[in-house]
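**Student:** Residues per chain are reported as follows:
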Amino acid sequence: MPKTTTRRSTPKRPKVLVPKGNGILKTVLPNGLTVVLKENHNAPVATFWVWYRVGSGRERTGITGISHWVEHMLFKGTQKFPGRTADQVVSREGGQWNGFTWLDFTTYFETLPAEKIDLALELEADRMVNAPFRPRDVSSERTVIISEKQGGENNPRHLLGEEVQAVAFRAHGYGHETIGHLCDLQTMTREDLYTHYRTYYTPNNAVAVAVGAFQAQEILKKIEKSFGKIKRGPAISANTTVEPEQRGERRVTVEGPGTTSYVELVYHSPAAKDPDFPAMVALDAILAGASSLSIFGGGTTNASSRLYKALVETELATDVGGSCIPTMDPYLYGLTATVRQGYTPQVVEAAFDQEIDRIMNEPVQAAELAKALKQARASFAYGSESVTNQGFWYGWSEVFADYKWFETYLDRLTAVTVADVQRVAQKYLRRSNRVVGYYLPQ
Amino acid sequence: MPLDKAAIPGSHNIVRQTYPNGMTVLVKENFSSPSVVIDGLVRAGAADDPIGKEGISALTSHMVMRGTERRTFAQIYEEIEAVGATVDVSSGINVTSFGAKSLAEDLPLVIDILADVLQHPTFPDAEVEKERGEVLTNLQERANNTRRMAGLTFRELLYPVDHSYRRSVQGYTETVAAITCQELFNYYRSAYGANGLIVSIVGAVKADEALRIWEDQFGAWVGAQVVRGLPPSAPRLTERREKRVNIPGKSQSDLILGVIGPNRLAPDYLDARMANSILGVFGLYGRLGARVREKGGMAYYSYSQLEGGLGPGAWQAVAGVDPANVDKAIPLIQAEIKRMIESKVTARELKDNQSYMIGSMPIGLETNDGVAGILLDMELYGLGLDYLINYPDRINAITAASVQAASQKYLDAENFALAVAGPVGG
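Chains as they are written, first to last, in the numbering used here: chain A, 899 to 1340; chain B, 2 to 427.
Fair warning: there could be bad hints in the mix.
To be verified - Distance condition first, Cα-Cα at most 30 Å in a straight line; then the derived DSSO-like pairs of lysine-lysine:
| no. | chain 1 | residue 1 | chain 2 | residue 2 |
| --- | --- | --- | --- | --- |
| 1 | B | K410 | B | K296 |
| 2 | A | K1120 | B | K6 |
| 3 | B | K410 | A | K1120 |
| 4 | B | K410 | A | K1014 |
The set of hints was computed from the structure by calculation and includes no laboratory data.
Here the structure is a predicted model, which means the values were calculated and not measured.
Put together the whole structure using the sequences plus the hints.
**Tutor:** Rendered as structure tokens:
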């Protein structure tokens, strides 16, 4: 069993900051745990999330995929909740729980009937420190994760995306898939995993978020009780790797099974906190359709977007999509299309280029910008129906900026001008700043 | 903890209205967010696709969104997307579903569009060809997708040759390629109508207002007058029927092993659902997850699924495994099915699963989508407006004996359909 890192003394009551108007309570406990709480009494449910500021973006060669594997290990039980007990107690209460790992984070959540939310606090506080990483669990999970990776590899789009991502980054950890390289998954040891866990799973490297039908001050007391006794860990150094500027277009081809071709274009794009980010969101909505603000999908269709008209209406492709994702460090703006039978990736790429040149060279219409804003407003409203979705966004935005990033999202989008869209198009959609990928069926 | 009955959708807060043209509208107000969801169906399903025209119902459902007497394809989507709304129509095996989501202020617009596409589609030639091309590319992708090919093959093994459930809802390359515009239009005229239409409207709108807008747009619609009976039943398999589809170059194989399950109207449906929860849902995929994923470390997913529905849907175990482990995973799944049949579930398992099925209700009812979906089911399957109010009692009445009886009636550890898609021979 691991050494316990708990202490008995009750922490001093932290200063609580309650910003006016938005009903959000944010504070930092003496052990460094950031806490964000929002009451929402629309339905008798509540969600609780713990976010760790570590993801695949921090992984070095040899241990790629370690953040995700550690996430899996936190579902293997502790002394307090052995085996699948936690799974059963959450399910028994009618709850949902899960974990996600991505570039900048590893996160866990439970959504439960509101009166049962204490269970989530208990589970998360326990597994922040007490996961044992038993060798036999490490061994069985190794094959489960390799199986998960194999499932992804069955999809040609995934194979293409993985390659394009790798070509886009030569220094930053964003260059490998979160699942990791097969050789690393085959060779990583229990000690590697446990070291990662003990390094990054500390209150001072975590954010706890609760949204739902509770009294904020009451749940804060409970969080202090569950988490306050966990000892602060050593400070985590910031990720200092900066991806060097790309000097010239890069191209990559992936060959694989199937009969359908795919095209993917990615452009190095600004981080979430960059002032250019809102204009990139608007640009993406105009080019490829608005992204959903719900983790459960359900975004609007994109048949009135520029790229749909240029690629799908013209029957060169059967679908087209864009992705503009908030990240800590500069990541990628991505465009993908499925090539229609009888056409080539080259023809599709040329059609992409025509639209990209157009948005760089001509100002967009004010109506297009207004549409992007209305879509975001609607998406925001849909997303607010679910406490789980809100918990996700408050936590995620704390990881790459702070919760206000999400709160003020619509305001910042409203401030974007036609000139801003053209400026970011010219700044980021240069050919020298991109990677072009083709999937060619063999 | 007793449920707060006043907050649950029931006869006290659902408005239900039937109309002379045969449609039924259900409305539940919810002003907690400024959005509205519409979930509905018309009685046109792929089960009625003529032989040789497989895919016609699905293609029709896509085509109604591609042009009407008043709007072109581009106009339809410009209007919808300009307000951040969604409108969609898609065919399943027994019914064609339609739906919409919008801010409350845009509800009249999305109902106007739904009325337009369901009542006045024009099937323009050029749009049919665009849609056909997209479907054909999609079918081409299916041929290379292990999960989809396992599903397609599984149904071919499970149902008799003449059963409509055996055939693909999306159709096949040769049938989709051959469907003409006139056939689509004829199919539409024969299958889409207000008789039997059900719609639920949930969100930030007053019930009388929602009814008024819906009635204005749909009250005079008649359309096809066909009244469909329930789909034919399908016999239990009396042998093991197995097929492996070779898709070389893939890293993972998908396998589906299953039998005919109860339809949603069967008296023992909830008992079977309880059995299914214990077998492959509860916690991380129930007993199947524990055996195949946790203990065997063999799969990322290994769960079971009960289709229910109007007809003889499947009851199936699904797993994604390393091609080299396919033959190791199958006996593990068989063993868990056998255990469901031969032994009663433990009192603890039953209690946990009862608690799960009842306790998860508030989360399912949190969003407008969740409520709209349940309202539609209540009406389609005749469950009654107080179904959710009575649901805890129904679940608590399930016993280990009734779970075993349902398992024995439907499940079979020896005679089943088994489809595997992936690299054959590991």
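**Student:** Check the hint pairing K1120/A with K6/B against an upper bound of 30 Å on the C-alpha distance.
**Tutor:** holds (29 Å)
**Student:** Has the given pair, K410/B with K1120/A, been kept, meaning a C-alpha gap of at most 30 Å?
**Tutor:** violated (48 Å)
**Student:** Quick one, are K410/B and K1014/A close enough, alpha carbons at most 30 Å?
**Tutor:** With Cα atoms ~37 Å apart, K410/B and K1014/A exceed 30 Å; violated.
**Student:** When you check the alpha-carbon spacing of K410/B and K296/B, does it fall within 30 Å?
**Tutor:** Cα-Cα ~28 Å, so holds.
Hints 3 and 4 from the list above are not met by this structure, while the remaining hints are.
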